[in-house]
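Trainee: Single-letter residue listing:
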Amino acid sequence: MRRSVSIAGLAVALVLGMGVFGPGQKSFEVRAQQKMETMEVKIDNFTFGPGTLTVPVGTTVTWTNKDDIPHTVVSTDDSKTFKSKVLDTDEKFSFTLSKAGTYPYFCSIHPKMTGKVVVQ
Amino acid sequence: MHPFDIKAVLLAKHAQHVVLIHFPIALFLIGILFDVLARGAKRSMFAAAAYCNLAGAAIATVPVLVTGILAWRFALEGQRLKGILLQHLVLGCVSTVMIWLVFWIHFRTRRNDSETLPAYRLPIEALGVAVVTLTGHLGGFLSGVNAPS
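Protein chains in written order, with this note's numbering: chain A, 1 to 120; chain B, 1 to 149.
To be clear, the hints were calculated from the coordinates, so they are not data collected in a lab.
You may find that some hints are simply not true.
To be verified - Result set (EDC-like, lysine to aspartate or glutamate): computed pairs, CA atoms no more than 16 Å apart in a straight line: (1) A:K42 x A:D78; (2) B:K82 x A:D90; (3) A:K83 x B:E77; (4) A:K85 x B:E77; (5) A:K92 x A:E40; (6) A:K80 x B:E77.
Based on the provided sequences and hints, a complete structural model is requested.
Mentor: Below is the structure:
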C-alpha cells in the first residue's frame, strides 16, 4: 500500500513537473528558432553591416536602408538569387535563403558597396 | 565580366555616366564665363571661346544623357524612380534643354552674322548655371562622393 502511494506520488510529481517546465522549454526552443530565422543587415554610410553574414539554411535576411541615399541589394552569384527594388531611407528588403552557399551581393547604384551572406 | 559585353561595359565600376558628366558641366560653366568676359571686355576672342565651349557642352550632353538612361535601364531595370533619383533625372533633362537653348541662342546669332548677342540670354544662362549646379549636386550626392573611401 505504502509502495503504491509513493509510486503514485512520483507519477503526480512527474506530471506536474512536465506541466511546469515543459511549456517553458518549448517556448525557449521556439524563441531560439525564431532568432535563427531572421537576421538584419543595416545599410548605413554606404556600407552593409555586417559585411559578411553567416546564417543557417532557411534564414530570412532583412536589409534596412538607414542612409539618406537610395540603395539596392543585388546578389551577384551565378543564378542572381535576389534583387531588391530601390530602397529609400528606412525601407526594407527581405529574402529567405533556402540553399546553402555563399551569396555575394552589391548595391547597383554604388558598385563599391559589397557584402556577402554565407548560408551553412 | 566580359569586356565587350555592352551591359558589362555600361555597368563597369567606373560608371560611364559619372565620368562623362564632368565634360558638359565644365564646358558649359567655362562657356558662360567666357561669354561674361566677352561682354565685359568687348573682345571677340572671348566670344569665340564662349561659342566653342558651349558647342562642346551641348554635344557632350548627348552621351551623358544616353549613359544616364542606360544606367537606369540596366542598373535599376527601369523601375519607377522616386526621391533624389527622380529629381536628378528631371533636373538632368532640364539641364540638357538649358544647355542646348543657350548654345542655340549663340549659334543663331553667329548664323545671322550678328555681332551682338541678345540681352535676354543672360537670365537664361544664369538659370542654366543654377539648374546644372543643382543637378550636379544631386548627382554627386547620389554617386556617393561623401561615402567613406
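Trainee: Indicate, hint by hint, whether the structure satisfies it.
Mentor: A quick look at each hint next to the structure:
This hinted pair does not check out: A:K42 and A:D78 have alpha carbons roughly 24 Å apart, beyond 16 Å. A hinted pair counts as satisfied when its Cα atoms are at most 16 Å apart, and B:K82 with A:D90 qualifies at roughly 14 Å. A hinted pair counts as satisfied when its Cα atoms are at most 16 Å apart, and A:K83 with B:E77 qualifies at roughly 11 Å. At most 16 Å may separate the alpha-carbon atoms for a hinted pair to count; A:K85 and B:E77 meet this at roughly 9 Å.
Between A:K92 and A:E40, the direct Cα distance comes to roughly 10 Å. Compliance with the 16 Å bound is thereby established for this hinted pair. A hinted pair counts as satisfied when its Cα atoms are at most 16 Å apart, and A:K80 with B:E77 qualifies at roughly 14 Å.
Hint violations for this structure: number 1 only, all remaining hints satisfied.
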